[in-house]
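Undergrad: This is what each chain is made of:
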Amino acid sequence: GAGVSQSPSNKVTEKGKDVELRCDPISGHTALYWYRQRLGQGLEFLIYFQGNSAPDKSGLPSDRFSAERTGESVSTLTIQRTQQEDSAVYLCASSPRGPPGEQYFGPGTRLTVT
Amino acid sequence: EDQVTQSPEALRLQEGESSSLNCSYTVSGLRGLFWYRQDPGKGPEFLFTLYSAGEEKEKERLKATLTKKESFLHITAPKPEDSATYLCAVQGGSGTYKYIFGTGTRLKVLA
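From first to last, the protein sequence lines are chains A and B. Using my numbering, you'd call the opening residue of the first sequence number 1 and step up by one each time. Using my numbering, you'd call the opening residue of the second sequence number 1001 and step up by one each time.
What the hints contain is simulated information worked out from the structure, not anything from laboratory work. A couple of the hints might just be wrong.
Unchecked claim - Cross-link-like lysine to any residue pairs, in silico, SDA-like; alpha carbons within 25 Å at most:
1) B:K1059 - B:F1072
2) B:K1059 - A:D56
3) B:K1042 - A:T112
4) B:K1063 - B:S1094
Please put together the full structure from these sequences, using the hints given.
TA: Below you can see the structure in the form of structure tokens.
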């Protein structure tokens, strides 16, 4: 079946602009996660959704970052007033159950802030 | 502080040369330990979940084991297509749903 999809695959933006990153999870997966992966670093947890609620937002690095999810479907990660340190690959994962369920990752969105 | 440390950072093997990757962790109340494979430019691919010390899982040339302090990913007679970065992650702790990932081991298998 179809896996997790993310769009766009690449995004180049100017410092100070807002960006929206989209994630389409595997159908029927109730849990959804966002991660940030900087070059040479491990995956950094950002937020966890169960359905359309977010029980854990503790990884969002600042109030410039926000995310929402429509039911058990698509999720959007928004970064306002982007900074160069926001440059990274943003990965989305979904799971058929909440933690400690296994996660299925999308291909990621590579964000470059110039 | 909850932490995951993977070693070695990089490993080069000849085809057929078996070896092990290490994942050491500190977490209060481990609920699951996960292994993933990540190819360049792609998202991580799920391999195994281990829930308790003494548990083992196998898939083709890979075998994952778990103790109270670490996990090993054993690769038997690797092939060039096993070349990838292998990531370890843990989920646990009280009052948190986050998964903590290590920085991975970059494996290169030479033909």
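Undergrad: Evaluate each hint against the coordinates.
TA: Verification of the supplied hints:
1. B:K1059 - B:F1072: 14 Å, holds
2. B:K1059 - A:D56: 32 Å, violated
3. B:K1042 - A:T112: 17 Å, holds
4. B:K1063 - B:S1094: 29 Å, violated
Of the numbered hints listed earlier, those contradicted by the structure are 2 and 4.
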